[in-house]
Structure formats: structure tokens, C-alpha cells
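S.K.: What follows is the residue order along each chain.
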Amino acid sequence: MAKKESKEDFQNLLDILNRFQEIELEDVEMEIGDLELWLQPGVTAPEIFPKALKVAPSLKAKPTAILQADFIPPVEEYPGQITEVTLGATKSQGGTRGKSITIGGEKSPAFYLFETPPPNPPIISLDVFDMTIPLAKPVKTHFKEVLEDPVAWAKLAVDKYGADMITLHLISIDPLLKDTSPNEAAKTVEAVLQAVDVPLIIGGCGDPKKDLEVFEKVAEIGAGERFMLSSVTQDMDIERTCAVAKKYGHVVLSFTPMDLNQARQLNRQLYDFLPKEQIVMDTTTAALGYGLDYAFTIMERARLSALMGDPELQHPLSSGTTNAWAAREAWKKMAPEWGPREFRGPIWETVTALTLLLAGVDLFMMMHPAAVKTLRDTIKELMSGKSGNTEKIVGWVTANI
Amino acid sequence: MSEREIKKTSIREISPIDVYMLLPKTNCKECGEEACMAFAAKLVNREVTLEQCLPLLKKEHEKVYKQLWEMLKPPIREVTIGPKEHSIKVGGKYVMYRHEFTYTNPTAVAIDVTDEMSDEELLDRVNKTQQFNYEYIGTTLKLNMIAVRSTSNDPEKFKVAVKKVLENTTLPLILCSFDSKVLKAGLMVASKARPLLYAATKENWKDMAELALMYNCPLAVFAPNNLKLLRSLSKTLTEYGVKDLVLDPGTLSGEGLGDMISNFTMIRRAATKKGDELLGFPLIGTPITAWIENADAPVEVAEWNEAYLAAILINRYADILILHSTEGWVLLPNVILRENIYTDPRKPVAVEPGLRTLGTPGESSPVMFTTNFALTFYTVASDIESAGIDSYLLVVDSEGIAVDCAVAGRKLTADKVAEAIKEAKMEEKVKHRKLIIPGKAARLSGEIEEASGWEIMVGPRDSSDIPKFLQEKWGKP
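As they're listed, the protein sequences go chains F and X. For the first sequence, our numbering begins at 1 and goes up steadily by one. For the second sequence, our numbering begins at 1 and goes up steadily by one.
The set of hints was computed from the structure by calculation and includes no laboratory data. Every value quoted in this text rests on a predicted model; they were computed, and no experiment measured them. No residue lacks a Cβ here, since even glycine has one placed at the ideal position from N, Cα and C. Any given hint could turn out to be false.
To be verified - Here are some chain F residues pointing at chain X (derived, C-beta under 7 Å):
#, residue
1, Leu14
2, Leu113
3, Thr116
4, Leu156
5, Val158
6, Ile221
7, Val244
8, Arg328
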């Protein structure tokens, strides 16, 4: 094995990945024509493996040549489809964003590319906070100049780290923190709207009353911008929250704590006031090692049920993937054999993100630039429609590494 | 229904009645169950094995035994690798999605060595693999196998390397070469070790099949990105008499990632949902190929890509993985991910709420609380215990959810905390009225103070800082 790099190099993980894994940042939108190439037309679900194909214990002589067998992709049809939700609005759509982004629309489980590939790529939104908060050191390194300035933070996230969207967490409105007024919060939102032209997610502080007060003001300031308001929860005044979204043309994030029935119930309540196209859902993300199995399974079940026709779960899924940093293995200094946290942290967020990508998440709220880059590259590769080249790997057994 | 109450569902809709009808129906209780019906119910849930029914093993029941075995066998064959006393089982999966039942036999992780490595490097890698361990919710996470690759293609060198590995570890082996002469040389010194032979291809399949039969070894089949060939080889080898196969559709990255995910997914679906027996075998992934795809980049790039490829494959049905890196940051997220994905979703990850005494607390000892999510509880308790702090720890019922999520989701409320204090009769146990709450529940401090009448001290956000916190803030009462 090659020699270990010096400690300084760990700081430069992102540089290393950037230099050696060049994938240009391009527009995330994709032409339908790109996809057609690898759709497999005409593959409907035939009776796939008739009993005759099953292996019976053979009394025949040993084969002397390869016995040919067929492979028919086990394609299924799903009665349900995920609703498409558009975030952000351009001038012609009534907002000021450089582009809008559509998520959802899936007709198959996550990346069952042999069936129907997802019509829209999953999207990454970078977290920005409106006041200094405790951040894990490996994350802080990348944002240290902007921690007290949400506007500069948002610009950095878009310009340097290629964020598709920004999640502006208005945590200073928390009555237990700074108790910033709705007007003050709206000013911050306005400034960020001026500074970047990507669609915005507006995050509250978790206080059901205060969040609503702030959403009311912010939604008005950003009328027509098609924000995603993060989030609406069961203990909020749902009618009032929906009224705000409806009046000013925003999307809401329906947030529930790892329970499918509660997710259905909240969505049902929302349907009384909002069309499906204005609802994204979040069933809670837990970190790798700290409940990711639950988060994964709830999302996978939500997605499969939706495709099987459950009308109350047919929404794009959003994940607060930054929660990966709650795992102490992500941020703590550990014994040397576990490697530097500058690597452990971002790989923790990456593995959490990839796991949920495979469960069906459409929108990732993330933090670490290296994790963001890896997820973005992975999505791009999965959406490329290209076929694998086996040339390099066929000889892996004898390769000198 | 909350997630913790997922009902046990039978696999492929086998009803306990169907099983019961075939059982001897003696109600002999030799299996430890009260009646055959109870045994049948447990069989369907895979909580007992057929062999525990002693009457069934008698000659006269041979036919029904086979019938039941067929009925209950997993759609993915369970393959045993390694010598009897140190073997590992792979595959044996009943379902495609973990929520449908539970995944059996966690992905076995192998680290590679080659027959051209120096003794020192080879032994170092073997030892690292063998000694790897991480304590996680009361379980020790480990690595499982050694893959010996012949990079020399020299039978003699391979034989020496295999012998060296066998002398230094009891971990099961994967012997890797596409040259049957090389593998045969390795098998000569590992004839009792039942290694996994890697791999049969469209060129060498016949020689490999002979080796597998001669040494009674499981055999991997390699047909990169070609499922028709993979299925043909599976058919051929099965007809040849090799029962224990492991399938490798190729581990691709970059632009091949989509194909790789599709291949693994299609194979598992064909086997579990469509009953395709030719694809009903364990799957092997080789994230080690990331090192070849990134041969010109710094070592960290290969490690990084290997780490996330492994994670993708753990999620998408790999039963065995061969990795090259022995770096902790590459392996740790993957063994933890494996543990997460392979936990039984039918079992709660909650502990009983209530009072725990850590050490021998007295009337002026600190009182803290945490939630009843198992991982949170064990982490907090072990941090306090390992620091040797005598204290009371109240476990508040958050329905098995961690502190931050429970606060956000209102599963952890001030009233619940106040109730827990009362129920545990804390006011009789300590003289002070100070409650230390988790840093992540800070937003509840005012409400808890009001509901309980206790003074609230907001503790650290991570329990590893509790000892320091107590030293600074608790002091001498």
C-alpha cells in the first residue's frame, strides 16, 4: 500500500477530490432526449420466469459447453407516481430566481434504472444559518470566514461549492436564542434573495408558534419566489401555515418524526388547504449509526407504498442529511487507527446521504463540501444513462495496487 | 402503528397452518415448544429451525422433512465458507427489503493480500483485519475474511502465500485467481479450509467447477456487467453439480455505477420476487476495484471511492465485499452501516424507561436524564460509568427516539420529564433539586423547570463531555 500522506494533506480532502475527480458543474436540468437513450422501450412485465426455467436436480451428464440461459429484466409496473414539485420561480414564473428546480415525478423505486429512470435528478441544498452556531470542526474549516454573515455564506455555498439551492435556517428567531423578530428575519431573507439566484428553502427554529409568525412575514416578502417553508409540523396551526403558502405561492415541507402513519395523517390535513404540488415530505433523517436504519426503512417504505398507489405518500422526499454530524464518530477526535476526523466526518455524511439516495430521497440538505461533491457526482453518473465499461476491472484479481 | 410495532409477517405468505399440517403433530415438546402449532408459527418466523423437531429427523419422516425444507428455504441460498469451526454463512436472505422480514447473515467484509507482498506487509494486513474491532451498542463489529489474490500468477508463490495466511489467521479465506492451476496450488495447502474460490468465468468455468467439486468449496462466478452470461454460467455450473455459488456481476464505478446498481438490484429481485433459482445465490462486490479506477490519483481518492462504493453495495444487496483499504475511516462507516441495515426491524431499539443508578449515588449525587433510544442510553450510561461518576440517570420514554429528533418531534416533552422525576421518587432520593438535561434538549429547559419545579442545568450536547461538565459545574455539593 502507498505511504500515508502527511497530516496537512487531510485538510485538503476537497482539493484532492476536486483535482482527481473532475466532473464539471453543469446545469442540473436534463433534456428528455438524454434519457431516451437508455430507456428500454417495450419492456413490460411478461410472465418472467416460468416454472420450466427452474433448475431441477439433473441426472444428465455434466455439461461440456456453457448452457445458454436468458436474462429478462424483472420489470414491474407501479400504479402510483410521485408528484412533481417545483421549487423556486424565475421572472416569467413570478419570482426572481435564475432557474426553478423540479423534483419528484418518479415512477419506479430509487434508481431502478432498468425500469423508469427518475425524470428529475435529486437536488442538493446547502445549509446556511443566520447566526453563529456550533459546527463540527471539519465543516467549520470550509465556512469559517462567513459564519456570522448568512449572505456571504449563501454566496460561498453557491459560487464555490455549487449548491443547487440554499436552506436558510432562521434559527435566531428561536425565543430561547435571540428571539429575532419576523421583520428582522425577513430582512435576512431579502438580503440572501438579492445575493444568490438559486431557489431558497426557509428553515424555522422548531418553535411552532414563532415559526408560523416568521413564515407569514417571510412568505410575503418573498411572494412568488416559491420557497419551501421548512417545515410544517403536526403541532402547528396547519390551516394558517397552508394559507400563507397558498397566498404567496410557496411549497411546504411536511415534517414528521419517523412514523408513516403520522406522515399520512399530516399530509391528509394539508390536502384540505393545499394542492399536492405544493407539498414535499420529510420523515426525519437520523445519522449513520444513530438510527439511520429507521430513517432508511421509513423512507424506503414510504416510496414503495407511494408507487404501489398510496395517495398520501406520493410526495418527493427531503432529508436533513446534515444530521449525520450528530454521530460522534463523525466529529470527534478518535484513536489514530480510526483516521482523522477531516475524512471520517465527510465520509459519514456521504454514506448517510448515499443510503438515503437509494431509499428515494429527492432533496438533500447538506453541509460538508466533499460529501456534497461526492453525492452530486454520484447522481450525475447515475443520471448519465451511460453504460459501464468493464475493461479496467476485469483484471482486478491480478492488479498491483 | 408506530415503527417499533411492525408485526412479524411471514415470508412469501407461508401460513403456519400449512407448516403444521406437515409436522409429525406429536406435541412431544422435545423442541421446547408447548405444541406443534406453536413450533410451526416459530418456524414461519424463522425463530427456530426444522432440525429442532427431533421426530421429523427420523427416517419415516424424510419425505416431509424435505418438503418442509423446500417450503421454508430462503430464495437466496445460504452458503458456508471456511472450515467448520471458523466458518461464516453468507446469503440466506428471505426478502428483498429489510422491512419485509429482516436480513440474515450480515455482509461479510474481506481484506485482500497478494502473493507478491512482503511477509511483513502480508502479516500486517492479516493482523489488522483480524484485530479490527469496534464496540457499538453492546456488539463488537469485526471484519470477517481474508482474500488472497495471486498477482504473480505463479502457483508456487500462491501456495506459499496461502500457507502463510492460514498459519496466521482463523478467518475464512477467498482464494482469487482466474487460473485454475494457481487456485489448485493454493487448495493443496488449504484442502480443509473450504475457501471461497474466485472465480469461474466464461473461459475457465469447467476447471473451476472441477476444483470446487474436488475440494468441496463454494465457487464465485464472475461475469462483469453481463447478466445473461452470469445466468448461463450459473445454470451450467449448477448442472455440473456445484451447489454453492456466489455471483459477481462486477463492481463498477464512475459511469458504470448505474449499471452496477441495476445489476445487483435486478438479480436480487429476480431471485426473491420471481423465484429465479439461477440467480438465487449470495452476491459478492469488489469495491477494491476503486483502486484500479483511480490508479493515478493519490491514495486518499481510491480510499474515499472504495468507502462509498462499499456503502452503496451494503445497501444494494452485497453479501460479501472485498476491500483493500485497512484505514479506520474507510472501514468504520461501513461496518456500522452494515450493523444498521442488518438489525432486525421487528425488534425495538428502545430500553425500558425508568431510573438507573450508576455507581453508588447518594443524596447529593447528580441527577441527569436521557431518552430511551437504546443507542443514546448505552452511550450516555457508558460515558458516565467509564468516568466512574456516582449518579442517577433517568431514562425518559421518547418512544425509542434520540434526543434531538424526540425534541423536534415532540416525543420528549417537559411533562414526560416531570413525570419521570415523580415516578422515580427522586425527591426522596436526593436532597438537592437540580436536574441536568441533555444539551440537545436545551430548548425544553424553561418548560421542564416549570413542570417539575426543579432547577435545570443544561448539560453538554454530547455525553462524552459529561465528566468535564460535572467537574466544572457540579463541584462539591
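S.K.: Next, verify each hint and record whether it holds.
M.R.: How the hints compare with the structure:
1. Leu14: violated, 11 Å
2. Leu113: holds, 5 Å
3. Thr116: Hint on F:Thr116: violated, closest Cβ of chain X at ~12 Å, above 7 Å.
4. Leu156: violated, 23 Å
5. Val158: violated, 24 Å
6. Ile221: violated, 26 Å
7. Val244: It is violated, given that the least Cβ distance between F:Val244 and chain X is near 21 Å, above 7 Å.
8. Arg328: Cβ of F:Arg328 sits 6 Å from chain X, so the hint holds.
Of the numbered hints listed earlier, those contradicted by the structure are 1, 3, 4, 5, 6 and 7.
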